[in-house]
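**Q** Here are the chains, one letter per residue:
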Amino acid sequence: MTPSEISLFKEKVISESKSTKTIKSDFVQYKHLDFLANDVKTSGKMVFKAPNQVKWEYTNPYKYSVVFKEDQLLINDGGTKSKVDIGNSKLFKKLNELIVNSVKGNMFSDSDFEVSFLKSPKYNKAVFLPKDKKIAEYIASFELLFNKNDAQVFEVKMIEPSKDFTQIIFSKRVLNSAIDDSVFSN
Amino acid sequence: MIRFLAISLFFILTSCSLQTTEGLRQTELLLDEISNPYFENQSIDYVYKAKIEVYNNNLGGILIIKKTSPKNHRIVMTTEFGGKLLDLEFDGNSFTKNFVIEELDRKFILNVLKANFELLLIDKAVVVDAYESDIHRVFKTQNDKRFNFYFIKKSSKKLEKIVNTSKTKEKVEINFSSSDGEIAEGISIVYSNIKLKIDLEKFKEDAN
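These protein sequences, in sequence, are chains A and L. Here my numbering is used: position 143 in the first sequence is 143, and no number is missing along the way. Here my numbering is used: position 137 in the second sequence is 323, and no number is missing along the way.
Warning: the hint list may mix true and false statements.
As the list claims (entries may be wrong) - Straight-line Cα separation of at most 25 Å, SDA-like style, residue types lysine to any residue; simulated pairs:
| no. | chain 1 | residue 1 | chain 2 | residue 2 |
| --- | --- | --- | --- | --- |
| 1 | L | K390 | A | N38 |
| 2 | L | K388 | A | S82 |
| 3 | L | K253 | L | V298 |
| 4 | A | K21 | A | Q72 |
| 5 | A | K12 | A | S109 |
| 6 | A | K63 | L | I230 |
| 7 | A | K41 | L | E226 |
| 8 | A | K81 | L | F267 |
| 9 | A | K69 | L | K237 |
| 10 | A | K69 | L | F267 |
| 11 | L | K300 | L | Y241 |
| 12 | A | K45 | L | N244 |
| 13 | A | K157 | L | K300 |
| 14 | A | K163 | L | D291 |
| 15 | L | K237 | L | A316 |
| 16 | L | K388 | A | H32 |
| 17 | A | K131 | L | E288 |
| 18 | L | K257 | A | N38 |
| 19 | A | K81 | L | S374 |
| 20 | A | K133 | L | K331 |
| 21 | A | K172 | A | F184 |
| 22 | L | K331 | L | A316 |
| 23 | A | K41 | L | N284 |
| 24 | A | K83 | L | D291 |
| 25 | L | K347 | L | P256 |
| 26 | A | K69 | L | L245 |
Keep in mind that the hints were calculated from the coordinates and are not lab data.
In isolation and in its complexed conformation, chain A is listed as follows (with noise of 0.2 Å):
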């Protein structure tokens, strides 16, 4: 992309993002590892409510959901409940900073990463790349393929040092409908 239409995409990412209150999309995952025959395939429902709530639900092969909440991950493994304290793991903040950002796609004012732009025909592709040594060992890259409409992210893909990834695909994406607070409780 050029600068312009860097500047250009990024403001439309922006405005998208800040005019999102709501989501409700479908995903599946897709953990890619070089040694397996297939890749190990998940998936479940997303819902994000503005500014910083959201709730991933994994139905399929199993039951598990993560609420993230302030400082804390609520879990739900198949029934089996637990909280999780993240406030004092900066680099697990990060991971999960990145988790949520993404499904809105505004993570440009990022400073701990250096992002890089690059454009198709059918989507914009922002690359981020870690500057944190510490996020460097667990993260080589971390990839939003944008819809060229709307600015939306459809596909999320984070690079391990090691080549394998794990890529996220959303489906079924519904924006600003109501959303009760009591949907992120776990």
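For chain A, the structure is supplied; the task is to place chain L on it using the hints.
**A** What follows is chain L alone, placed relative to chain A:
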């Protein structure tokens, strides 16, 4: 006095013997080697949802095991979001560490995990003793100072249980549930000496 000594001796002897072999009859060996079929097929990706209960804390993740060559297994554990927690290679004798997150990279934790995976993945072991009950044939193998008892159900010929023991105490028990005797749909691993329980449930075929 003699009666007291006899009772004391009885308690000493029984407290030193393994519960695992109680009620079993010793038999001739029948087999030179015992095999664990559940992780030996190189063309299968063994993918399990893992639930771990350790000292009353609950953890979860995905356990992925693949036999990558006749002797080697690759073991990867990830979070539900896909982030790698550990990545090990087992050659039948020792482990190579490809990646382990800082929080798990402690000698005690890794030793417990390695011993656990070794017990799960060793696919052939020399039989040193054999027993039977009405339901099971039981084969004893030796691994350094520990012993493993393989319980094979007589009627189905499926491996149902492995009990890992020292000379006198049970340490770990692994229970398998399998409909075809080749793939374990459910695996439960319970430790006696530490508060650790691992439940594994295989991903359903249509999900992948």
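**Q** The structure should be examined with respect to each hint, and the outcome stated for every one.
**A** Now for the hints, and whether the structure bears them out:
no.: 1; hint: K390(L) / N38(A); result: 13 Å, holds
no.: 2; hint: K388(L) / S82(A); result: 22 Å, holds
no.: 3; hint: K253(L) / V298(L); result: 21 Å, holds
no.: 4; hint: K21(A) / Q72(A); result: 22 Å, holds
no.: 5; hint: K12(A) / S109(A); result: 14 Å, holds
no.: 6; hint: K63(A) / I230(L); result: 24 Å, holds
no.: 7; hint: K41(A) / E226(L); result: 22 Å, holds
no.: 8; hint: K81(A) / F267(L); result: 17 Å, holds
no.: 9; hint: K69(A) / K237(L); result: 23 Å, holds
no.: 10; hint: K69(A) / F267(L); result: 17 Å, holds
no.: 11; hint: K300(L) / Y241(L); result: 19 Å, holds
no.: 12; hint: K45(A) / N244(L); result: 23 Å, holds
no.: 13; hint: K157(A) / K300(L); result: 31 Å, violated
no.: 14; hint: K163(A) / D291(L); result: 21 Å, holds
no.: 15; hint: K237(L) / A316(L); result: 33 Å, violated
no.: 16; hint: K388(L) / H32(A); result: 18 Å, holds
no.: 17; hint: K131(A) / E288(L); result: 19 Å, holds
no.: 18; hint: K257(L) / N38(A); result: 21 Å, holds
no.: 19; hint: K81(A) / S374(L); result: 20 Å, holds
no.: 20; hint: K133(A) / K331(L); result: 43 Å, violated
no.: 21; hint: K172(A) / F184(A); result: 20 Å, holds
no.: 22; hint: K331(L) / A316(L); result: 18 Å, holds
no.: 23; hint: K41(A) / N284(L); result: 23 Å, holds
no.: 24; hint: K83(A) / D291(L); result: 22 Å, holds
no.: 25; hint: K347(L) / P256(L); result: 24 Å, holds
no.: 26; hint: K69(A) / L245(L); result: 18 Å, holds
Checked against the numbered hints above, the structure breaks hints 13, 15 and 20 and satisfies the rest.
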